[in-house]
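Residue numbers (the numbering used here), protein chains in the order written: chain A, 534 to 915; chain B, 383 to 604.
What the hints contain is simulated information worked out from the structure, not anything from laboratory work.
Cβ coordinates follow ideal geometry from the N, Cα and C atoms, glycine included.
Check each hint, because a few of them may be wrong.
[Claimed, not checked] Below, in silico cross-link-like pairs of lysine-lysine (DSS-like), each with a Cα-Cα straight-line distance of 27 Å or less:
| hint | chain 1 | residue 1 | chain 2 | residue 2 |
| --- | --- | --- | --- | --- |
| 1 | A | K838 | A | K796 |
| 2 | A | K738 | A | K796 |
| 3 | A | K638 | B | K597 |
| 4 | A | K638 | B | K467 |
| 5 | A | K627 | B | K597 |
| 6 | A | K723 | A | K738 |
| 7 | B | K427 | A | K627 |
| 8 | A | K738 | A | K767 |
| 9 | A | K780 | A | K796 |
| 10 | B | K491 | A | K638 |
| 11 | A | K815 | A | K896 |
| 12 | A | K627 | B | K601 |
| 13 | A | K738 | A | K780 |
| 14 | A | K717 | A | K780 |
| 15 | A | K627 | B | K491 |
[What the hints assert, rightly or not] Calculated from the model, a selection of chain B residues having no Cβ within reach of chain A, i.e. all distances over 10 Å:
| hint | residue |
| --- | --- |
| 16 | V396 |
| 17 | V409 |
| 18 | M506 |
| 19 | S603 |
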Amino acid sequence: MITYESVTKIFGTGRDAVTALDNVSFTIPQGEIVVFLGPSGCGKTTTLRLTNRLETITRGNITIEDQNIMDMDAVELRQRLGYVIQAIGLFPNKTIAENIAVVPKLLGWDKERISKRIDDLLQMTNLEPELYRDRYPAELSGGQQQRVGVARGLAADPDILLMDEPFGAIDPINREEIQDEFLKLQAKLKKTVAFVSHDIHEAIKMGDRIAIFDRGRLVQYDTPEMILTQPKNKFVADFVGSDRALKVLGLMRVSDVINRRPKNIIRGGDNAKDALAFLDEKGFRYGIVIENDRPIGHVTPKTLKYENGPVRDLVEHYPLFLKERTSLRDVLSFMLMHDQVTFCALDENGRFAGTVTYNDIQKVVRESYADEAESGENEVSV
Amino acid sequence: MSTLRFMADNFDEVMFLSWEHIWIVGVALLIATPIGVILGIVITKHEQLASRVLNGANILMTIPSIALFGLMLPVLAIVNMGLGKVPAVIALILYSQLPIIRNTYTAIKNVPPSLVDAARGMGMDTWRRLRELEIPLATPVIIAGLRTAAVMNIGIAAIATYIGAGGLGVYIQQGIARVYPEMILSGAILVSLLAIIVDGGMAMLERLATPEGIKVQRKLSR
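Take these sequences, add in the hints, and give me the full structure.
In structure tokens form, the structure reads like this:
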């Protein structure tokens with residue numbers, strides 16, 4: 534846990550004084566990733582650098598596990614906190630193994646323990662130890678270098694990780710991949726992470742919480758959902774973008790809106806006439822055809838009309854099926870692409886799990902922004 | 383041809399004077415290197431001293447060697463060392479400072495700030511950073527400074543013959559006095575040869591001292 538208490542940082546003195554951070558208070562809970570987000574010069578990096586005392590606090594307190602950092606030795610403090618910066622932070626004169634070994638060596642670990650740790654970390658970050666241990670940073674791609682950067686930050690198994698735009702220097706495709714890998718790692722390791730970013734997408738993806746900074750002030754500190762659905766002011770609303778409804782959908786999964794017991798179910802073996810009567814009677818515009826617990830497609834009154842035979846021969850097949858983990862953003866995209874207002878989701882065994890309709894999605898978005906729509910405030914100029 | 387014959391006829395003397403020359407330059411460089419490198423490193427950590435130290439070294443460089451010998455003569459005469467090898471070595475030490483200090487300072491300043499930041503952030507103290515990061519990366523440039531100093535000193539040492547320091551300058555000075563062209567040429571050629579050999583040797587050292595990772599980096603970025 535890291536607690537920031539009325540932290541203020543002023544650079545320079547007298548007339549040249551610049552307030553980089555103004556009375557900022559918040560807490561990073563144990564085991565969570567908190568993303569410090571904002572435009573350049575907003576104070577996010579300063580906040581991070583105050584945490585390991587690369588800069589000195591002007592006023593206020595930072596405590597780590599209830600211990601004031603100013604009471605600790607700066608060098609010892611830094612050895613306790615993992616530190617990851619952009620790929621360029623690897624020492625070019627040291628091999629990958631030597632780079633990872635920096636902090637363990639500072640802590641006086643013995644050779645064998647360090648060597649084992651290096652192999653473990655390389656494996657953890659998907660780099661073949663035999664292949665990479667003795668290479669130099671220059672021989673690795675940007676993405677691989679950043680993996681080593683993460684491994685180096687984790688080397689001494691710190692409880693806390695400070696990451697300064699760690700994936701900023703990597704191309705978008707590799708960035709996605711390494712972000713996913715890091716999240717997977719974090720799910721296991723449960724580190725307390727302070728993560729600086731200027732990218733709202735990254736923040737939403739990586740953060741358990743997001744701290745948005747503007748001109749040295751902490752504007753909003755909240756979960757990604759809350760930041761997207763209830764931005765505190767115009768700055769936050771503008772920063773998260775006018776497409777924030779879509780970003781909210783990116784955070785939600787099929788499992789959040791799924792209808793597990795739709796009423797418009799028809800068996801594959803049913804006769805078309807009966808099925809038509811069923812749809813007409815209930816007023817459904819279509820029916821989902823299920824056979825052996827698997828959805829095989831859907832039928833409308835139009836396709837059933839004048840037909841006589843099992844429904845299974847008449848269905849229009851679905852172009853794809855959803856998983857419970859599929860994001861609603863993707864679902865909406867499928868709906869637009871395939872001109873389809875309903876999709877079926879399958880469970881891990883490929884059995885029918887429920888349906889998601891366009892209306893379901895619209896409803897959750899409307900609910901998310903209910904407050905805003907009512908008050909009429911926070912209007913965003915487009 | 384006659385110059386070659388002169389050298390062959392006086393082979394023992396040639397060897398002795400060359401040795402003397404190398405000795406003066408070598409001793410001066412051995413003493414100058416730690417002083418210059420340490421000063422260079424110190425001023426990277428104490429920026430307010432940097433311009434003063436560099437200016438001082440710069441001013442030293444502008445003093446003509448003959449004038450410097452003259453200036454030191456009355457001072458060193460007090461301890462009865464106004465003439466001979468001691469003032470020569472001292473002068474060479476002083477002249478070496480600028481290239482050594484400047485190269486050390488620049489090289490360490492040129493270590494990318496992001497690397498220094500990473501090192502600090504991981505908890506390396508100043509000494510550790512110097513030893514494991516800054517000095518290894520700076521070494522080739524520091525050696526380039528030594529190379530400049532060495533080659534320059536080989537030239538200046540030839541003039542030190544006027545204060546009785548010996549060395550290959552003896553041939554040049556006496557050759558002029560006796561109007562003996564073969565002698566002058568022998569001195570000049572041998573001084574040049576020495577400079578070329580030392581330059582080549584130092585260039586090799588520079589390559590050897592380049593960290594493996596940096597060599598790889600250069601090769602790949604080409």
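For each hint, the structure was consulted:
no., hint, result
1, A/K838 with A/K796, "21 Å, holds"
2, A/K738 with A/K796, "35 Å, violated"
3, A/K638 with B/K597, "25 Å, holds"
4, A/K638 with B/K467, "47 Å, violated"
5, A/K627 with B/K597, "12 Å, holds"
6, A/K723 with A/K738, "16 Å, holds"
7, B/K427 with A/K627, "23 Å, holds"
8, A/K738 with A/K767, "22 Å, holds"
9, A/K780 with A/K796, "31 Å, violated"
10, B/K491 with A/K638, "25 Å, holds"
11, A/K815 with A/K896, "23 Å, holds"
12, A/K627 with B/K601, "16 Å, holds"
13, A/K738 with A/K780, "10 Å, holds"
14, A/K717 with A/K780, "21 Å, holds"
15, A/K627 with B/K491, "19 Å, holds"
16, V396, "43 Å, holds"
17, V409, "31 Å, holds"
18, M506, "7 Å, violated"
19, S603, "8 Å, violated"
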